[in-house]
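Novice: Residues per chain are reported as follows:
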Amino acid sequence: MIRTKAFFNSLGRGLLTPEIYDDKDLSRRFYKYFLTGMLVRLILLPFFFQRDLLSTYQRAAETVFAGNMASDFHQILTHLIHSVYLFIIKTIVPAVGEYSSIFLDTDTWSSWISFVSSYNVFTVLALLKVLYLMFDLLCMFFILRLSFDNDAEGRLNVFRYWMFNPVVIFVLYVFARHDIMGVFATIIALILAKKDRKYWSIIVLALAIALRFFPIMLLLPIIIYLARSKKDYILLSVIGVSGLAGIEAFSNVYYGKSVIFSLLNTQHFSYILSSKLDLIIHDRIFIFVAAYFLIIFSFIHSGKKSFDILINYGAIIYLAYVALSYFHPQYVLWTVPFLVVIFARKRRLVPYHWLQFGLLMIILIYWGDLVTKFVFAPLDHRFFIYITGPIPIIERFYDSATFVNIFRSIFTAVSLWMIFLIYRDNRRILKQGPEGDGR
Amino acid sequence: MRGKTGPKILLIIISLMLLTGVLSGCSGLSFIPGASYGYYIWEDGGRINISWSIDRKDATFSGSLITDGDIVDIRTVAWEEGDVYTPAQDGFSFTSTLGVEDYMDGLVLEVREYGYIEFDLKINEGYDLSRVHVGAFLNNPENSPFRIGPHYFDDIRDVPWYEKHPFSGFFYKLYANKYFTFLFLLIIGAVIIELLRITAFSGKRYKKLYTGISYLVLLCLVAVIYFVLRYFIV
Chain A
1 MIRTKAFFNS LGRGLLTPEI YDDKDLSRRF YKYFLTGMLV RLILLPFFFQ
51 RDLLSTYQRA AETVFAGNMA SDFHQILTHL IHSVYLFIIK TIVPAVGEYS
101 SIFLDTDTWS SWISFVSSYN VFTVLALLKV LYLMFDLLCM FFILRLSFDN
151 DAEGRLNVFR YWMFNPVVIF VLYVFARHDI MGVFATIIAL ILAKKDRKYW
201 SIIVLALAIA LRFFPIMLLL PIIIYLARSK KDYILLSVIG VSGLAGIEAF
251 SNVYYGKSVI FSLLNTQHFS YILSSKLDLI IHDRIFIFVA AYFLIIFSFI
301 HSGKKSFDIL INYGAIIYLA YVALSYFHPQ YVLWTVPFLV VIFARKRRLV
351 PYHWLQFGLL MIILIYWGDL VTKFVFAPLD HRFFIYITGP IPIIERFYDS
401 ATFVNIFRSI FTAVSLWMIF LIYRDNRRIL KQGPEGDGR
Chain B
1001 MRGKTGPKIL LIIISLMLLT GVLSGCSGLS FIPGASYGYY IWEDGGRINI
1051 SWSIDRKDAT FSGSLITDGD IVDIRTVAWE EGDVYTPAQD GFSFTSTLGV
1101 EDYMDGLVLE VREYGYIEFD LKINEGYDLS RVHVGAFLNN PENSPFRIGP
1151 HYFDDIRDVP WYEKHPFSGF FYKLYANKYF TFLFLLIIGA VIIELLRITA
1201 FSGKRYKKLY TGISYLVLLC LVAVIYFVLR YFIV
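Those sequence lines, one after another, are chains A and B. Just so we're aligned: the first sequence equals residues 1 to 439 in our numbering. Just so we're aligned: the second sequence equals residues 1001 to 1234 in our numbering.
Source of the hints: derived by calculation from the structure; they are not laboratory data. Take these hints with a grain of salt, some might be off.
Unchecked claim - To spell it out: a stretch of chain B is covered by chain A in this simulated footprint if at least three of its residues, at any positions, have a beta carbon under 8 Å from a beta carbon of chain A; those stretches are:
1. 1127-1139
2. 1209-1216
As the list claims (entries may be wrong) - Only pairs whose alpha carbons sit at most 25 Å apart, straight line, appear in this in silico BS3-like list of lysine-lysine:
3. B:Lys1057 to A:Lys373
4. A:Lys195 to A:Lys231
5. A:Lys373 to A:Lys304
6. B:Lys1057 to A:Lys5
Unchecked claim - Partial list, derived from the structure: chain A residues whose beta carbon lies under 10 Å from chain B:
7. Arg28
8. Lys32
9. Ile43
10. Phe48
11. Asp52
12. Ser55
13. Tyr119
14. Phe122
15. Ala126
16. Phe383
17. Phe384
18. Tyr386
19. Ile387
20. Arg396
21. Ala401
All residues carry an ideal CB built from backbone N, CA and C; glycine is no exception.
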């Protein structure tokens, strides 16, 4: 009995951190936030998804049911995780195995209709999304350790902002996208960087890059933060690109084609280059690339290698990305691990984040039925297929592209303003140290 | 505390009312001319309204109506030059075009002493029966031509809300997934009770008793939901 109690005590300290677990009030608040956040997540779990979730599992099904290992060579690690997970759930729950014909149907429309109209859709959809719930759980416990080492209250606030973050809840439980895997690996890389485990940090970041490519934007700031000598710069850069190089080598050997060049030619990479300033003839400035290097130079010359400054610059980079480039709604998730730490220091940024989320809900209208009314189709597919979508309603009164772009512009303004507030916070941190002003 | 909780509860109630209103509005028969797509047929004050609309694309809506009753009055709605109405011995036929600037057309008719009214409705010379809403949204005919009787619209009005879309589809799937549904409800209920235990029941003298009663209530609630789904809804 005493041993069991001791086991649970050490487990609790391990999960919650000793400072929160040993404080009765903090641990009770932690539990309250955890339960409320889980309640929201669980309620959304079986009912909503965006078509891409089915595509992701359809590629995994090709590996699991048809033995095709090359069904998604762009994101090999992510694909492998989905494949292993699908293999496990189809083994445990026979209902998932019954969906093999739907998963293997290459017609995107008919497979989607078959999926949303199937009578077991809630069970299967919940199971498919549980994978993201598991990564979310990992993130919520690791994000506690990202900052505020001597401030349990601050850590608890970071946890609270993650648990109730609208972007996290929307991307994982309504949209059901897999960015959380890369986000988790990035959080681990950041924690390792904070603990000055420089090589491990870069290795895990390389893994994160292999998972979702977006953490590549963090590679330079983390190398700058960790490097103490020229040798460090060279070694860390080599390790950093090794994730991508490893994937490239694997794809060349296994699939006989280059994943990097294939990615560079996909429209996803062109998103980064989407905002541009045409000068004359062929001369063109890619605005985000210019902004990114301005941010990097600012980080180099910030004068002090502080982890809180690194977190701030992480937020600035991803906010600049969504402010200046074309993006998909789920990419906003990459700002969240940084923002939740900043929110615990500067609470007045929180309303701007909610405003960002509200604007995002309008911006996503432009992707059409797939990301709006079809997200609700598992509830009653006929109703949500035939009900009038938002685009025709807007088009009835005003040009829908202009309408959405007005809100897109406000979204950019809000994101740039948040960057300014965070940049101003940098100066305060450099002067006074990392603890927050609570405003 | 009361000052903070009051507005939240009010907000939740208003949101729920709006949601119910929106959903029940959708399950009734409302449409947005120039945005909604299809035929919408309903009865209003003894007159039968037939309207058609499309999301600002060029389309031709054509069809015919015959009845064994007397058509005592018929009026065209938003009819333009080129839209054709042709009377026949026991009914009429029509052809009408919609486009970028022409959002909707329609007909309003009064039919007396009828045993049936038969519709044959086409969009772009073809049948798309999922786009023909008769009396309620997604109350589609199975074949064309299709007939309605004298009490058809009254019967549709009497259909309870849970048998209309989207609730009918949702409840059907909830029952079809019953093992999952009840496990899901038990987990959600357990989380809510746990939240109550550490907030509302915390510090109460009979905290354990309240928690036990809550679990009993949860079990009863799940059983009630099962029986309602089993015997009333599905």
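Novice: It remains to establish, for every hint, whether it holds in the given structure.
Specialist: Here is what the structure says about each hint:
no.: 1; hint: 1127-1139; in the structure: holds (count 4)
no.: 2; hint: 1209-1216; in the structure: violated (count 0)
no.: 3; hint: B:Lys1057 to A:Lys373; in the structure: 21 Å, holds
no.: 4; hint: A:Lys195 to A:Lys231; in the structure: 20 Å, holds
no.: 5; hint: A:Lys373 to A:Lys304; in the structure: 49 Å, violated
no.: 6; hint: B:Lys1057 to A:Lys5; in the structure: 69 Å, violated
no.: 7; hint: Arg28; in the structure: 6 Å, holds
no.: 8; hint: Lys32; in the structure: 6 Å, holds
no.: 9; hint: Ile43; in the structure: 6 Å, holds
no.: 10; hint: Phe48; in the structure: 12 Å, violated
no.: 11; hint: Asp52; in the structure: 22 Å, violated
no.: 12; hint: Ser55; in the structure: 22 Å, violated
no.: 13; hint: Tyr119; in the structure: 4 Å, holds
no.: 14; hint: Phe122; in the structure: 5 Å, holds
no.: 15; hint: Ala126; in the structure: 7 Å, holds
no.: 16; hint: Phe383; in the structure: 4 Å, holds
no.: 17; hint: Phe384; in the structure: 7 Å, holds
no.: 18; hint: Tyr386; in the structure: 6 Å, holds
no.: 19; hint: Ile387; in the structure: 6 Å, holds
no.: 20; hint: Arg396; in the structure: 4 Å, holds
no.: 21; hint: Ala401; in the structure: 14 Å, violated
Consistency note: the structure conflicts with the earlier hints numbered 2, 5, 6, 10, 11, 12 and 21.
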